[in-house]
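Chemist: Take a look at the letters that make up each chain.
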Amino acid sequence: MEISGKGLQIGYGEHLVIKELDVTFLSTRITSIIGPNGSGKSTVLKAMTKLLPYKSGVVRLDGRNLADYSSKEWARSVAVLPQIHTAPPDFKVRELVGYGRLPYQKWYEKNGEEDEKIIDWAMKATGVWELREKSINQCSGGESQRVWIATVLTQQPEILFLDEPTTYLDIAHQLEMMQLVKRLNRENGIGIVMVLHDLSQALEVSDWIVVIKDGKKYDEGRPEDVITPKMMKEVYDVECEVVRIPGRATPIIAFKEISA
Amino acid sequence: MKRTGKSGVSALRMGSVVMILLIALALLSLIALTVGSAGYTIKSIAAALFSGEESTIRTIVVNLRLPRLILAILIGMSLSTAGAILQSVMRNPLADPGTIGVSAGAGTAATTILLLFPHMTNAVPLFAFAGAALACLLIYTMAWKGGVDPTRIILSGVAINSVLGAYNALLQMLHSDSLQGVLAFMNGSLSGRSWSHVSVFGIYAGIGLVLSLFCIKGANTLQLGDEVAKSLGVNVSVTRVLLSAVSAFLAAATVTVAGMIGFVGLVVPHISRLLVGSDYKQMLPVSMLLGAVVLLLADTIGRTIAPGMEIPVGIVMSVTGGPFFLYMLRKRGKVSGN
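Chains as they are written, first to last, in our numbering: chain A, 1 to 260; chain B, 1 to 338.
Same shape as in the complex, but just chain A:
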């Protein structure tokens, strides 16, 4: 399964955020979209998840045009966790996760036995099973982020888009989130496309990286081929070295020391 955008122009009102973009995401991979603030990363993600209409170009899911899908039909194959998401604080975890079944229901239907099984599965897969009777405001930041991942998992998507899934988490929960993402891809076969700011994480967890600069694709490829001192200089305007450490599979980024 693959989702692709061709000749995409996306923007708000007159302003074009994405000026020209061809990109393909495979469900077998974890893909990270990186780029400076305002480069248009989240905009790409919104256009591909039917949250934002694009000005021109075409998005296809296995060859079929996004415009030919109803919103619900799309939501059964492609799920997205926006960066900012709120729920009434007294909603119970289990209840919230259950909303992921909406794309499968008519407006009057409620969760049946089959739905409950999938909800159970999603809560176990994300490690929030123990929290199921708690309300959202009783969950920590890391827990609530996993509850939201469980919610989008109950959509049973083939490709899952995540907008900066680690931004508000401390380092332990960031790593935990990356582990979860990796497991969802390797064990459950769900394609992951995420916007990430932390390049070390992108380097470590991704199979493929797309770099966006000024509304255009700067480069794409395997992490080690893409994340180079040259790219860092041209895209972010920072000096760094990409260093290999014996015993580690992925290199790390060492930034130039900060001087006063």
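Simulated from the structure, these hints should not be mistaken for laboratory data.
Heads up, some of the hints might be wrong.
[Said to hold, decoys possible] In silico DSS-like cross-links for lysine-lysine, where the CA-CA straight-line distance does not exceed 30 Å: (1) K230(A) to K217(A); (2) K145(B) to K19(A); (3) K106(A) to K145(B); (4) K216(A) to K145(B); (5) K331(B) to K6(A); (6) K19(A) to K72(A); (7) K182(A) to K117(A); (8) K145(B) to K134(A); (9) K256(A) to K233(A); (10) K182(A) to K216(A); (11) K230(A) to K216(A); (12) K55(A) to K145(B); (13) K256(A) to K55(A); (14) K6(A) to K217(A); (15) K55(A) to K6(A); (16) K6(A) to K233(A); (17) K182(A) to K72(A); (18) K233(A) to K216(A); (19) K55(A) to K213(A); (20) K72(A) to K331(B); (21) K182(A) to K6(A).
[Unchecked claim] Listed next, the stretches of chain B that the computed footprint assigns to chain A, with coverage defined by at least 3 CB atoms under 8 Å from CB atoms of chain A: (22) 216-225; (23) 228-242; (24) 288-300.
Glycine included, every Cβ here is placed at the ideal spot set by N, Cα and C.
Add chain B to chain A, keeping to what the hints say.
Modeler: Relative to the frame of chain A, chain B by itself:
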């Protein structure tokens, strides 16, 4: 194994809240039938009802107090339901039917008829309903821009409410000698309502309240925020418009029978949220019941507190609702469902 409710609050808690409200409503109904300018004991009422003979007690209780009691209950249910639904539509705990122009629209139409076309006074309910619907439609049309966004609805509402308000004020200034009817309408009253009002309003309230039950899932989904709801395949703008329509219908229907009664739609959903949480599966039914209790209480107080005169239920609601509103604002962090 005891299974707790899947939603915001346990089945036990929901059960007790509903039970208490039902008992309160029953007691209050009994009180409302017995008290008034002529006070009766329950015993004498029962005797008069079962004797089968015509009597003053029978006339007063059956023809005056009973229809009024039923109206108070239905209006309370309708207004609190309208408010509860709107609060999810706007994702704003301060939304009420006034926000989408129902009050200003109905008020404008009623004032115009009462002051400029007094020979058509009988048609005030009809025009008030049309006025409410038109104002609401106008606000949504102004707010529409490839979809409806709550902030734009609220801001269009503020603008249109202020224009209509100015028109009303001007009209009242120019006709300051004949404001009796206008004042009665603006302050919402159940005085002198009869079975004919019950039969007409009963149909509207029945339709609206049944429709509102179909809004529960939509209202819950809107609480998750626009992006999440959209990503789950929900057409957010269509849901907003449909829910608003049900809410406006209910609120406008109450205006035609009782004039403008404020604060029920705002305050009752809040207390309900405090009692059973923000899941509309529980919150909406509790709002209905609590709305009935609150409005019946306000009307009963209004017609008994000052011997020899009636204080319109709208005034009682505003006087008691205002302070509660302030209290709520101070506690808002805990109260808000959003």
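Chemist: Hey, K145(B) versus K19(A), does the alpha-carbon distance stay inside 30 Å?
Modeler: Distance ~24 Å between K145(B) and K19(A) Cα, so the pair holds.
Chemist: Given the hinted pair K331(B) and K6(A), is their alpha-carbon gap at most 30 Å?
Modeler: Since the Cα atoms of K331(B) and K6(A) sit roughly 51 Å apart, the hinted pair is violated (cutoff 30 Å).
Chemist: Between the alpha carbons of K6(A) and K217(A), is the straight-line distance 30 Å or under?
Modeler: 12 Å, holds
Chemist: Next pair to validate is K256(A) with K55(A); report whether the Cα-Cα distance is within 30 Å.
Modeler: Distance of about 40 Å is beyond 30 Å: violated.
Chemist: Checking one constraint from the list: CA of K106(A) to CA of K145(B), max 30 Å. Satisfied?
Modeler: 27 Å, holds
Chemist: Keeping to a limit of 30 Å between CA atoms, is the pair of K6(A) and K233(A) held or broken?
Modeler: Measuring from Cα to Cα gives roughly 28 Å; hence the hint holds.
Chemist: Are there at least three residues in the stretch 288-300 of chain B whose beta carbon sits under 8 Å from a beta carbon of chain A?
Modeler: With 0 residues close enough to chain A, the hint is violated.
Chemist: Has the given pair, K145(B) with K134(A), been kept, meaning a C-alpha gap of at most 30 Å?
Modeler: 39 Å, violated
Chemist: With the threshold set at 30 Å, check whether the alpha-carbon distance from K19(A) to K72(A) stays at or below it.
Modeler: Cα-Cα ~28 Å, so holds.
Chemist: Going straight from one Cα to the other, do K182(A) and K216(A) come out at no more than 30 Å?
Modeler: 27 Å, holds
Chemist: Would the hint linking K230(A) and K217(A) be met if the CA-CA limit is 30 Å?
Modeler: 16 Å, holds
Chemist: Does K213(A) sit within 30 Å of K55(A), going by the straight-line distance between their CA atoms?
Modeler: 19 Å, holds
In summary, the numbered hints that this structure violates are 5, 8, 13, 20 and 24.
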